[in-house]
Amino acid sequence: MAKNLFQKVWDTHTVKVLSNGQTQLFVGRHLIHEVTSPQAFGMLREKGLPVRYPERTFATVDHIVPTNESSEPYSDPLADAMIKELRKNCEEFGVTFFDVSTGKQGIVHVVGPEQGLTQPGMTIACGDSHTSTHGAFGAIAFGIGTSQVRDLLATQTMALGKLKVRRIEVNGKLAPGVYAKDVILHIIRKLGVNGGTGYAYEYAGDVFDRFTMEERMTVCNMSIEGGARVGYVNPDDTTFNYIKGRPYAPKEDDWEQAIQTWRSFASDPDCDYDDVVKIDAEDIPPTVTWGINPGQAIGVDESIPSVDTVSSDDRAGTEEALDYMKLTPGSPLEGTPIDVAFIGSCTNGRISDLEEVAKLIEGHKVMDGVQAIVVPGSQIVSHMAMEKGLDKIFQDAGFEWRGAGCSMCLAMNPDKLIGDQLCASSSNRNFKGRQGSPTGRTMLMSPVMVAAAAVTGKVSDARKVFTN
Amino acid sequence: MALAKINQITGKAVYVPGDDIDTDRIIPARFMKCVTFDGLGEYLFHDVRFDEEGNKKNHSLNDERFSGSSIMLSGKNFGCGSSREHAPQSLYRAGFRAVIAGNFAEIFFGNSINLGIPCVSMDSENREILAQWIESNPTHEVTVDVDSLKVIAGELSLSCEMRPGARESLLNGAWDPLDELLSASSEVDQVAGRLAYI
Numbered sequence: 156m157a158k159n160l161f162q163k164v165w166d167t168h169t170v171k172v173l174s175n176g177q178t179q180l181f182v183g184r185h186l187i188h189e190v191t192s193p194q195a196f197g198m199l200r201e202k203g204l205p206v207r208y209p210e211r212t213f214a215t216v217d218h219i220v221p222t223n224e225s226s227e228p229y230s231d232p233l234a235d236a237m238i239k240e241l242r243k244n245c246e247e248f249g250v251t252f253f254d255v256s257t258g259k260q261g262i263v264h265v266v267g268p269e270q271g272l273t274q275p276g277m278t279i280a281c282g283d284s285h286t287s288t289h290g291a292f293g294a295i296a297f298g299i300g301t302s303q304v305r306d307l308l309a310t311q312t313m314a315l316g317k318l319k320v321r322r323i324e325v326n327g328k329l330a331p332g333v334y335a336k337d338v339i340l341h342i343i344r345k346l347g348v349n350g351g352t353g354y355a356y357e358y359a360g361d362v363f364d365r366f367t368m369e370e371r372m373t374v375c376n377m378s379i380e381g382g383a384r385v386g387y388v389n390p391d392d393t394t395f396n397y398i399k400g401r402p403y404a405p406k407e408d409d410w411e412q413a414i415q416t417w418r419s420f421a422s423d424p425d426c427d428y429d430d431v432v433k434i435d436a437e438d439i440p441p442t443v444t445w446g447i448n449p450g451q452a453i454g455v456d457e458s459i460p461s462v463d464t465v466s467s468d469d470r471a472g473t474e475e476a477l478d479y480m481k482l483t484p485g486s487p488l489e490g491t492p493i494d495v496a497f498i499g500s501c502t503n504g505r506i507s508d509l510e511e512v513a514k515l516i517e518g519h520k521v522m523d524g525v526q527a528i529v530v531p532g533s534q535i536v537s538h539m540a541m542e543k544g545l546d547k548i549f550q551d552a553g554f555e556w557r558g559a560g561c562s563m564c565l566a567m568n569p570d571k572l573i574g575d576q577l578c579a580s581s582s583n584r585n586f587k588g589r590q591g592s593p594t595g596r597t598m599l600m601s602p603v604m605v606a607a608a609a610v611t612g613k614v615s616d617a618r619k620v621f622t623n
Numbered sequence: 070m071a072l073a074k075i076n077q078i079t080g081k082a083v084y085v086p087g088d089d090i091d092t093d094r095i096i097p098a099r100f101m102k103c104v105t106f107d108g109l110g111e112y113l114f115h116d117v118r119f120d121e122e123g124n125k126k127n128h129s130l131n132d133e134r135f136s137g138s139s140i141m142l143s144g145k146n147f148g149c150g151s152s153r154e155h156a157p158q159s160l161y162r163a164g165f166r167a168v169i170a171g172n173f174a175e176i177f178f179g180n181s182i183n184l185g186i187p188c189v190s191m192d193s194e195n196r197e198i199l200a201q202w203i204e205s206n207p208t209h210e211v212t213v214d215v216d217s218l219k220v221i222a223g224e225l226s227l228s229c230e231m232r233p234g235a236r237e238s239l240l241n242g243a244w245d246p247l248d249e250l251l252s253a254s255s256e257v258d259q260v261a262g263r264l265a266y267i
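Protein sequences appear in the order of chains A and B.
Per the numbering used here, the very first residue in the first sequence carries number 156; after that it's consecutive.
Per the numbering used here, the very first residue in the second sequence carries number 70; after that it's consecutive.
Just to be clear, a hint being listed does not mean it is correct.
[To be verified] The calculated label-pair distances, taken between Cβ atoms and stated as ranges, are:
#1 B:GLU111 x A:LYS171: 34 to 42 Å
#2 B:ASP107 x A:THR622: 52 to 60 Å
#3 B:SER255 x A:GLY203: 19 to 27 Å
#4 B:PRO86 x A:LYS399: 50 to 58 Å
#5 A:ASP392 x B:GLY123: 39 to 47 Å
#6 A:ASP468 x B:ASN124: 41 to 49 Å
#7 A:LYS399 x B:HIS128: 52 to 60 Å
#8 B:LYS74 x A:SER467: 54 to 62 Å
#9 B:GLY123 x A:THR464: 46 to 54 Å
Everything labelled a hint here was simulated from the structure, so no lab data went into it.
Since we're looking at a predicted model, the values are computed, not measured.
Ideal Cβ placement from N, Cα and C applies to all residues, glycine included.
Just chain B, same shape as in the assembly (with noise of 0.2 Å):
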């Protein structure tokens, strides 16, 4: 089947304030004892919006103001940590297709790329604009343009940045390598074959 291809995604944003957000944070380690991903969107940032009571803190992902998110714009090495694929997959369990950062950690910027979810970098001044933007207008919906790589919310139109490799397999509908992988089944026995070891 067909992957969808990604130009841009258009929907409400939410600021999540931070640099170096890890992902326990945004999906704490218990909430992955589960052999399946689904549920998990319920659990996103868990911690820092819950007290251990169970009621909500301050957090903008508890503002409704911006409830219905699909846009989240953080700041930087956001994803660092732990491998865990569980992170962007509660990401778009509750709603996010996009995520607007300083920079992202290496393995969850793949992990993300790879379910569809472009993320991209944006400088620290632009993300200041855009966060005050949010603030100001907070029923208003902001594009991640995939293809321009520029985040156009209302008359603002501020640049990001995507790793090429990564636009391209957004851009082409080819963001889950799976079946170009499969396709080349006796390159990798050549391969297998070549290697000193088993």
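Isolated chain A, as found in the complex (with noise of 0.2 Å):
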């Protein structure tokens, strides 16, 4: 029988069904961070169990790592807790930690595929939501809560419930100056923060059979920002293309083989899904959000909604998010003022999001008053972006070149906004108190529509403002 490739994935790694229906699923790969994991460590320890199969798991440290201070103890010192009892679990327990002196850490989700530990057909999973990342590749990969990360620590296996699939297909061809972060953007504004409950998002068509695997990596990446648990995109060349010759990738020897496998696990052309929706990549502008969630997004061009203009259901929501967002009803979004600018996170801080910026801001400057900081998504980004000598561009720009970590995306770290300073990010949550400030405000747009942020000081169409 023709399946999706998400059936193909979960019945390959299906162990039972338990005694209430769910499913026994084996997790081939889990990685784990600083946040999420101390406690689940600690209840091993409690019970007296081992890792059951510790070359399964991978740490990094991310989301308390200061971008501007490298060397330890940390000053703020629950930071230095955190990453000294990481690193405790990881030598007593047996995984591998890829800590900061190892040159290969950063943001969890730009470190397993930059080492090839993604890899299609495999079941993925991390204490963090925005693991959907890695079905980038064609991979299954779950946002978990602690307790699930005990589970999968003592066992490689968690009980979940089977998903629905919804196929997401774009076709046709993007506007210039629109990017994956604006495709999701997109899927999110029209089927909403809660259409995707209970569903794994497969995203299909024309756009994405072009699209690079960061760029993939970009929409994957924001597919729980839609309530979808899981999303992913068939493999194809450039999936392997992309996983070959990295630390974790098959060997030679065994490469021919991997690929053999790796297309089988391809959604049949004749599968069934759930549902199917389909969109025209004409119809995509360069999105912005505006409200206190990834849906509360418009076209740069637009104007800010008003009560009066959305439905009865959304009017309560409408109206929290403009009183909270300090903006007028009606009025442009084109034009308001912005405080900071940040370029970075899971969603858009790896080396092509630098360089497609890079590329634009030459012989441009931040606005007098705007704080505009890069802070790339793993040491081995930063590495390569410097080699090209993408450091000096944005600072020779006005920004600020940090180190790798999560940053001001969700700032458990010092990188955050002060009082109600509104920031044009890069990153993939716009909730109240995001980013560290609880009247701070956040703008969620392409890095180039942050850029065109940083240098008009407002929101910009960056189409008009890097003409060059």
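Put the two chains together into one complex; each comes in its own frame, and the hints tell you how they fit.
In structure tokens form, the structure reads like this:
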């Protein structure tokens, strides 16, 4: 029977059906970080359990790492305790740790693909909702809670209910200045922040066929913002070429066999889906969020919505968002003054994101009064960027060039908004207080749009700003 | 040790209005700088309950009438966003034992069930009726009946829903799956052995 990728990967990794009807699913790769794992190791100690397959778990440190100091102890004693705890747990339980000193540290969802740990047909889990990123490789990747981190450490399996699968096809050609970030913001805008609950999203169509791996990762990364715990793209030559030669990729002798296996996981042409949605690429504008969830997004040339223009269901949420964001309904989005510009995160902190912006900002300067920071997603991204001289380009334009980490995406480190500052951000969440100040405001957009906001001091259409 | 069978939760209830309440709202990220879950109850909904000077804001969780509540009522897509188990942990540690909402974000729902916190979904009409009842009867108890899938408040008996597998886990005292997962050790080894990758 024809199957989609989700079904194939699910079936391959099914251990058994549990008494409550859920599936005991084997998870081939487990990624951990300092925030959601310490309690799980604590529970193992309490129960006297070992890590069942330590060779299948990999760790790095990202959320709490300061991006402007590299020496330990960190000035924040809580952050310092967390990195030391992870180091201790990895040593004690025999888990590979991409520590700061290895030169391979970074945001867990940048590090996995970069090391070649993320491969098609795998099940992957991590105590972080943006684990869906790894689906870009045709893996089924779940964000999980700490109790499930414990379950994985102890058994390499977890209890899960099967998801339905929605295929989202984006066909046609994206307009110039429209990026992967705009594609996912547009999808969430159309399907809602709740629309994907209970689903895995299979992204497909011309646009995804042409996308690079890093573009696919940007889209899969934000699946969870649309409610979908899992998002994936079927593996193809683009996928295989990206993996080839990476440290944990199959070696020369095993390569052809690996490709054959990986290809076999792709959805069969005549397989069934629980739902299919088709989107025209031409309809996608450079998209920016104006509100307090990622679905509250509009095209850069549109106006801020008012409670009268939304459905009755959305009225209360719109009112709350307008109030929090201090925006005037009906006024143009373009021109909204910003205070901070942030380029980075597991959504848009990869080398291609930095290259794309660097290409455009030469000769431009960050507007006076705007703090603009660039935070590479990993030490390796940072190193590659510096070899290409991108750090200089950013610094010459007035951006601060920082060390690798999650930084201002969620502000569990010194990078955070102050008061009601408004941040043009390439990250993934615009929730109230997300960037560290309980009154701080976030507008999500592509890295190029963040750069346009940085140099003009206001939300701007990058296509009008970068005309050189 | 056998887990408790969770058939029903009875206690005072509090209404926290709003759709799409995310886990950053439930427990802001800065309070996750910790290596245990102890003490998280104190920071539940911190930034909407307190201003930057630490003064109490107008929020139902600060309303004395609802103090000591163990059941929370809220809107659609409750618990969206980050996968942090710190969110249901902080609810639990603040004394909450059940949540009623329009529906729940996937990861939050699973995390809560794993801690033995029933999460039941209720349509908007019934939520409105229940919210009004709570407002008028702040000292009275509400019962979330997992078995019959009813929420009982005074004379009211309102229907609610829960995914079958999760409901059975609670009713059978099997909401923490670890022991059952551990017991399949040889089957797990077989699956590991047949995979094309380590």
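For each hint, the structure was consulted:
no. : hint                            : result
1   : B:GLU111 x A:LYS171: 34 to 42 Å : holds, 41 Å
2   : B:ASP107 x A:THR622: 52 to 60 Å : holds, 56 Å
3   : B:SER255 x A:GLY203: 19 to 27 Å : holds, 20 Å
4   : B:PRO86 x A:LYS399: 50 to 58 Å  : holds, 53 Å
5   : A:ASP392 x B:GLY123: 39 to 47 Å : violated, 57 Å
6   : A:ASP468 x B:ASN124: 41 to 49 Å : violated, 33 Å
7   : A:LYS399 x B:HIS128: 52 to 60 Å : holds, 54 Å
8   : B:LYS74 x A:SER467: 54 to 62 Å  : violated, 41 Å
9   : B:GLY123 x A:THR464: 46 to 54 Å : violated, 38 Å
When the structure is compared with the earlier hints, violations turn up for hints 5, 6, 8, 9 and for no others.
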